[in-house]
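Undergrad: The lines below spell out each chain.
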Amino acid sequence: QSALTQPASVSGSPGQSITISCTGTSSDVGGYNFVSWYQQYSGKAPKLIIYNVSSRPSGVSNRFSGSKSGNTASLTISGLQAEDEADYYCSSYTTSSARLFGTGTKVTVL
Amino acid sequence: QVHLVESGGGVVQPERSLRLSCAASGFTFSTYALHWVRQAPGKGLEWVALISYDGTNKYYADSVKGRFTISRDNSKNTLFLQMNSLRLEDTAVYYCARGGHFVEAKAVDYWGQGAMVTVSS
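Chains Z and A supply the protein sequences, listed in that same order.
Residue numbers for the first sequence follow the numbering used here, so the first one is 1404 and each next one is one higher.
Residue numbers for the second sequence follow the numbering used here, so the first one is 33 and each next one is one higher.
What the hints contain is simulated information worked out from the structure, not anything from laboratory work.
Ideal Cβ positions, reconstructed from N, Cα and C, are used throughout, including at glycine.
Keep in mind that a hint or two might mislead.
With the Cβ distance kept under 8 angstroms, some of the chain A side facing chain Z (calculated, not the full set) [said to hold, decoys possible]:
1) 61
2) 105
3) 134
4) 138
5) 139
6) 146
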């Protein structure tokens, strides 16, 4: 049960778009469309922002979008804003019915 | 709205036990799978365990298998995590989280605020 691989950090200027990758295997990310993304501010509980690869919960900004290709899922944040500065985690269902989280990515708005 | 409140955290010595509880409200508790997820200080999220909506199916991370037990009481809208043989590396904030509606594979959508567990001699 190794964690999914994410870049440690991604940065961008306000208004730009950034993409965070999440790489797994055919036993998790590549095998199911149950990939989700979470936003976490320091000292706070995570918040769901994408589920089922590309669906957004009600109330989540449409600046957040998700996609998947093979064993890699991606989260794109468009029109980057200062409030987007946070940690982001991907998660996937696995063949053993367990869950895996990604290593986490710190997003910095320059 | 959905509300999850963890309790039972604290400081415990290695090899001792601790039981976490999670009181839920704002949704039909007995129809949702539930998870425990933890986060060590300064580290990322780690999935710990999952229990199906009716308690029939339980799944664990390899790191806690054989030491931790997840359970639920649908009559009291409460989720539990019994943690035995605790190790220093179990030190973390433990989050209770709601999973799928009847379907175990669906994403965690709501999280509690977490309970801190510190394992220290």
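Undergrad: Report holds or violated for the interface hint on residue 138 of chain A, using the least CB-CB distance to chain Z and a cut-off of 8 angstroms.
TA: Interface hint status for residue 138 of chain A: holds (7 angstroms vs cutoff 8 angstroms).
Undergrad: Residue 146 of chain A was flagged as interface toward chain Z. Is the shortest Cβ-Cβ separation under 8 angstroms?
TA: Holds: closest Cβ of chain Z sits about 6 angstroms from residue 146 of chain A, inside 8 angstroms.
Undergrad: How about residue 61 of chain A: closest beta carbon in chain Z under 8 angstroms, or not?
TA: 19 angstroms, violated
Undergrad: With a cut-off of 8 angstroms, does the beta carbon of residue 134 of chain A approach a beta carbon of chain Z closely enough for the hint to hold?
TA: 14 angstroms, violated
Undergrad: May I ask you to test the interface hint for residue 105 of chain A with respect to chain Z, counting a Cβ-Cβ separation under 8 angstroms as satisfied?
TA: Violated: closest Cβ of chain Z sits about 22 angstroms from residue 105 of chain A, beyond 8 angstroms.
Undergrad: Going by Cβ atoms only, is residue 139 of chain A closer than 8 angstroms to chain Z?
TA: This interface hint holds because 4 angstroms falls under the 8 angstroms limit.
Violated hints for the displayed structure, listed by number in ascending order: 1, 2, 3.
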